[in-house]
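Start from the sequences and build out the full structure, keeping to the hints where you can.
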Amino acid sequence: MTMPILSLQKISKRFGAVVVADGIDLTLGEGEALGVIGPNGAGKTTLFGIITGTVAPDSGRVLFAGEDVTRAAPERRCRMGIARSFQIPQPFGGMTVFENLVVAAAFGGGKRERDVYPRCAELLDQCGLADKANRRAGSLALLDRKRLELARALATEPRVLLLDEVAGGLIEHETAALVALVKDVRARGVSIIWIEHIVHALIAAVDRLVVLHGGALIAEGLPAEVIRRPQVAEIYMGIEADA
Amino acid sequence: MQWLNTILQGILLGGLYAMFAAGLSLIFGVMRLVNIAHGDLIVLAAYIALVTVQALGVNPLVALIIVVPAMAGIGYALQRGLLNRTLGDDLLPPLLVTFGLSVIIQNGLLELFTADSVKLNAGAIEIASIQLGGGLAVGTLPLLQFGLAVAVIGGLQWLFYRTALGRAFRATSDDQSVAQLMGLNNAHIFGLAMAISLAVVAVAGVLLAVRANFDPSIGPARLIFGFEAVIIGGLGSLWGTLVGGIILGVAQAIGAQLDPGWNLLAGHLAFLLVLALKPEGLFPKVQG
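Just so you know, the sequences run in chain order A and B.
Per my numbering, residue 1 is the first one in the first sequence, and the count goes up by one each step.
Per my numbering, residue 1 is the first one in the second sequence, and the count goes up by one each step.
These are calculated hints, taken from the structure and not from any lab test.
Quick caveat: nothing in here was measured; it's all calculated off a predicted structure.
For glycine and all other residues, C-beta sits at the position ideal for the given N, C-alpha and C.
Which stretches of chain A does chain B cover? Using the computed rule of at least three CB atoms under 8 Å from a CB of chain B, they are:
{"hint": "1", "stretch": "77 to 89"}
{"hint": "2", "stretch": "106 to 119"}
Derived Cβ-Cβ restraints for the label pairs, each shown as a range:
{"hint": "3", "chain 1": "A", "residue 1": "A121", "chain 2": "B", "residue 2": "L56", "range": "48 to 54 Å"}
{"hint": "4", "chain 1": "B", "residue 1": "A187", "chain 2": "A", "residue 2": "G189", "range": "30 to 36 Å"}
{"hint": "5", "chain 1": "A", "residue 1": "A187", "chain 2": "B", "residue 2": "Y161", "range": "35 to 41 Å"}
{"hint": "6", "chain 1": "B", "residue 1": "G154", "chain 2": "A", "residue 2": "A56", "range": "41 to 47 Å"}
And the structure:
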């Protein structure tokens, strides 16, 4: 593996009696695409909260580009280059689609607004939102909200992009387009962690796969190989069937 | 003709009320903070203007050059130092803290300036008027005050929808935690919102002080006028706030014309009428 851009060291977190992270050690290489699977409640989304700074771990450290960011505020981590998308899209509903991107690009990227317009227009194009640029984000249908979620995260010019179930609810050719987009983002040098239940989409896009179960990593390795392991297959049979 | 004049005066007075309301509305819109001390901050601005005028011997309108930045600075410091700590899921702490602030400001001013009412003298402009013909005349000062109100509302509108800071305000207003994930420092954004709110308060305070007598106790009534203008116009709509202020001003003027004692009563009745018929206000913002 190349130099890690992000590493979690012995991260633990519990909500009351529920352990959502139990001493997790995880590293993400520079330019790597890492897939995360696991049943609902395994602690996948909490992990994103810990990486972005909205959830404070009980113990353990988060290192980004060699710097300890365990206590850094979410906005600072964003400006350093960590961005995420939400499973349930959370656009700024009262603003236009384009404005959503402009805010993210200007503040997340630390730039002047007029300097980010071209990049935002390009992202709209890339994510299939060009014809909806001036629509109020709150009026978008689910698929477009998901596109906006991704475009807005990209607008902050992340070095690490965290994707939370972006493929859920997409039909076959949309999923293929999403995989192509993720590969393209990665080709630009962005490192990716992708949580996804649609395993075949994930396997097509990531270099490495980890399986999270009960707040712990129970398997890690090449995607095609990990998915065939008996204990993973056991957990996963049900989920692949839902998807 | 007398009635036409009454309505005209009411409209011009409404500009001032709209300015009371605009700062209040901005703060509530961006951070869901109901600033009970808003009226007292208006009075504080008036006293800062008084001190400036006495110390430098300048016209009150010129004193705005000092009072506006001073109030903006106070706003930023107040927000970062105190009010940010009260914000959260619970609406009660900011209410209690700003209520306490209101008491402190009133008593502080009372201690420093006594309960005697004072007034700022803006000179010849106060009695200047423009003849509109047919026996109708408007005072230059009320007209200037109204013009400033329109300019302030227009400026805020421009700021909100045409600038990076405005987009930051709207994003934070939409979803604070997502805004943070997009690189927005909420504590700073809130500080700037309060700074702008109190800059508007400064303009309103100086105009109030030039228009009529003031003393440390008149803040809460200005707060009520501000609230009423915001609610009449509809939360979140700046031009609506201007219309709300005008309706309040006209109602008060008409009430006063009928019977001098009905001035405030008529304003409150107009407010209650709007609240009963259109509880969301006349120009509610479309919800995201």
